[in-house]
Amino acid sequence: MVFAAWKTHWTNAIVDNNKVINVEQTADKNAYQLEPDNTDLGHIPGEFGLPIVGKTLSIVKDFYGTIDQHYKKFGPISRIGFGGTRGLLVVGPEYYKQIYIDTEKNFSSRMGYNNSLAHFYGGSLLLQDGDEHRFQRRIMQTAFKTPAMKGYLKVMSPLIKSTTDQWGGINNFHFFPEVKSLLLDVACRTFIGIEGQGPVAEKVNKAFLDVGDGLMGLIKREIPGTKFARGKAGERYLSDFFDSLIPDRRTAEGNDMLTYFCQEPDADGNLFSNDEVRRHISFLLFAAHDTTTSALSHVLYEIGKSPQWQQRLRDEILSLDKDDIEYDDLDKLPLVDQAVKEALRMHPSVMMMQRRTIRETDIGGYRVPANTVLMIAPMYSHMMPEWWDEPETFDPDRFGDERKEHKRHSFNYMGFGGGGHKCIGMHFALMQTKVFLFHFLKSYRFKFTENFNPALQSIPLPKPADDLPLILERL
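Per the UniProt record's numbering: the sequence shown = residues 1 to 475.
Check the hints yourself; a few may be wrong.
Claimed, not checked - In silico lysine-lysine, DSS-like type, Cα no more than 27 Å apart, as pairs:
#1 Lys-305 x Lys-97
#2 Lys-232 x Lys-220
#3 Lys-220 x Lys-61
#4 Lys-442 x Lys-305
#5 Lys-305 x Lys-105
#6 Lys-29 x Lys-73
#7 Lys-422 x Lys-154
#8 Lys-97 x Lys-72
#9 Lys-407 x Lys-105
#10 Lys-72 x Lys-61
#11 Lys-29 x Lys-105
#12 Lys-97 x Lys-73
#13 Lys-161 x Lys-305
#14 Lys-232 x Lys-203
#15 Lys-404 x Lys-154
#16 Lys-161 x Lys-407
#17 Lys-305 x Lys-404
#18 Lys-332 x Lys-154
#19 Lys-322 x Lys-407
#20 Lys-150 x Lys-447
#21 Lys-227 x Lys-161
#22 Lys-341 x Lys-305
#23 Lys-154 x Lys-407
#24 Lys-407 x Lys-72
#25 Lys-442 x Lys-341
#26 Lys-161 x Lys-442
#27 Lys-422 x Lys-97
#28 Lys-150 x Lys-61
#29 Lys-341 x Lys-322
#30 Lys-305 x Lys-150
#31 Lys-150 x Lys-322
#32 Lys-145 x Lys-305
#33 Lys-145 x Lys-161
#34 Lys-61 x Lys-322
#35 Lys-341 x Lys-145
#36 Lys-206 x Lys-220
#37 Lys-305 x Lys-332
Said to hold, decoys possible - Taking CB as the label site, the calculated pair distances span:
#38 Ser-319 x Met-426: 22 to 28 Å
#39 Asp-315 x Ile-52: 22 to 28 Å
#40 Pro-334 x Lys-154: 22 to 28 Å
Just so you know, the hints here were simulated from the structure itself, not pulled from any lab data. Ideal Cβ positions, reconstructed from N, Cα and C, are used throughout, including at glycine.
Full structure from sequences and hints, please.
The structure is reproduced here in structure tokens:
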């Protein structure tokens with residue numbers, strides 16, 4: 001149990017705003033974590049779909065179409081089944097604001113993912129609530145402050161440049177697998193301080209792929225041969241691997257995230273436990289690698305369809321008149337920033353976010369019982385014409401100072417989540433995408449191959465269905 005680990009960390013008390021709270025009292029507050037999901041939702045319109053799988057098959061085949069049909073038929077709050085879970089589909093920025101700002105502490109992130117991510121990433125930052133989440137997030141923030149970010153950039157920039165320089169010689173070039181391999185290399189070096197190539201990196205990569213596949217397994221039992229069983233084996237490998245690194249990182253010099261986590265103390269001088277370090281770095285590596293791979297694939301998908309935007313971004317990059325990019329240059333690329341955010345608006349890297357009610361509450365005029373899973377689809381609200389002009393058009397100018405469409409509501413844009421659980425690595429991700437686009441667009445003009453398939457995959461990882469085959473023209 002996550003709470004058990006937290007209890008050990010704090011020994012017999014938790015300090016919050018200079019008040020001492022008994023662990024026993026805090027345990028009572030966390031009693032909701034022991035409760036099963038509520039599925040007694042007959043008083044709310046909607047349909048769960050097929051037994052066990054619900055509407056999973058329909059959502060995998062056509063994510064937007066399925067959500068759109070549900071929304072138009074049943075309204076913004078409706079019953080739905082997805083991924084083996086029955087709960088409520090919630091649509092619209094006003095409801096997202098209620099859930100993510102959570103002024104009454106009604107919504108649990110930990111329990112929202114209890115049937116999915118918790119099987120492999122239990123105790124990671126996303127799967128924590130309340131004081132536990134605030135405490136650990138505060139310690140982790142050092143790894144994302146400016147001095148650390150400058151160190152990461154010095155590592156990633158030459159690596160991205162040297163790798164992309166080689167892409168022009170690859171026959172039958174497909175962007176998705178190439179950038180996925182590159183970003184794993186970057187992540188290995190910046191997150192855990194190891195070389196991203198060779199047998200160790202290959203084992204790490206395979207373990208992460210197996211865990212990703214395991215998350216999609218409908219059978220949550222370690223039955224030999226199943227995706228879930230392979231995922232659990234991958235999880236154990238990663239656990240042992242990180243455990244082997246942690247002792248040396250407690251005292252070693254380094255500017256990777258693992259070293260930061262191993263050495264950063266709290267206000268009382270306590271360090272993260274080995275278990276906490278392992279859980280946080282494992283989830284951050286998983287989340288950052290997959291989401292940035294998805295984001296960059298969709299940026300190139302959109303500017304490949306829009307040569308004028310491809311050239312506008314290139315012109316902005318060339319205006320820096322530099323062979324390499326420095327940290328202070330990142331704010332000098334507003335169009336690149338807008339293009340990345342626009343790609344994330346149209347193609348969020350996380351298609352479905354989840355929370356669970358802690359106590360009975362009201363959402364959209366409906367009584368929602370305690371322990372009800374809420375399914376949040378930011379992609380749909382990102383495409384609602386009530387909030388966006390011509391939402392199906394790729395138009396990064398909508399994020400510019402003259403229009404600011406993303407400011408029409410505090411939650412009509414959720415490219416990085418929102419509220420207290422907003423992505424802690426957001427600035428790292430934006431930095432990495434800008435560094436990549438700086439080197440790539442300086443080196444190449446690109447277009448799609450004749451057999452390019454415009455279809456997009458939504459689940460498990462949003463990406464172009466055919467891995468984005470490109471023709472690269474070296475500049």
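(request) For the pair we were handed, Lys-154 and Lys-407, check the Cα-Cα distance against 27 Å. (result) Violated, because 33 Å separates the two Cα atoms, which is more than 27 Å.
(request) Measure nothing beyond the straight line between the CA atoms of Lys-227 and Lys-161; if it is 27 Å or shorter, mark the hint as holding. (result) Roughly 35 Å between the alpha carbons, so the hint for Lys-227 and Lys-161 is violated.
(request) Sort out whether Lys-105 lies within 27 Å of Lys-407, counting only the CA atoms. (result) holds (25 Å)
(request) Hint says 22 to 28 Å; check whether the CB-CB distance for Pro-334 and Lys-154 agrees. (result) holds (23 Å)
(request) Sort out whether Lys-154 lies within 27 Å of Lys-422, counting only the CA atoms. (result) holds (26 Å)
(message) With the threshold set at 27 Å, check whether the alpha-carbon distance from Lys-145 to Lys-161 stays at or below it.
(response) holds (24 Å)
(message) For a C-alpha distance cap of 27 Å, please report whether Lys-305 and Lys-404 respect it.
(response) holds (24 Å)
(message) Between the alpha carbons of Lys-232 and Lys-220, is the straight-line distance 27 Å or under?
(response) holds (10 Å)
(message) Need the status of pair Lys-232, Lys-203: alpha-carbon distance at most 27 Å?
(response) holds (14 Å)
(message) For a C-alpha distance cap of 27 Å, please report whether Lys-206 and Lys-220 respect it.
(response) Judged against 27 Å, a Cα distance of about 20 Å means the pair holds.
(request) Given the hint that Lys-220 pairs with Lys-61, test it: the Cα-Cα distance must not exceed 27 Å. (result) holds (22 Å)
(request) Verify the proposed pairing of Lys-341 with Lys-145, using a straight-line Cα cut of 27 Å. (result) holds (21 Å)
Violated hints, listed in ascending order, are 1, 5, 6, 15, 16, 19, 20, 21, 23, 28, 30, 32, 34, 39; each of the other numbered hints is respected by the structure.
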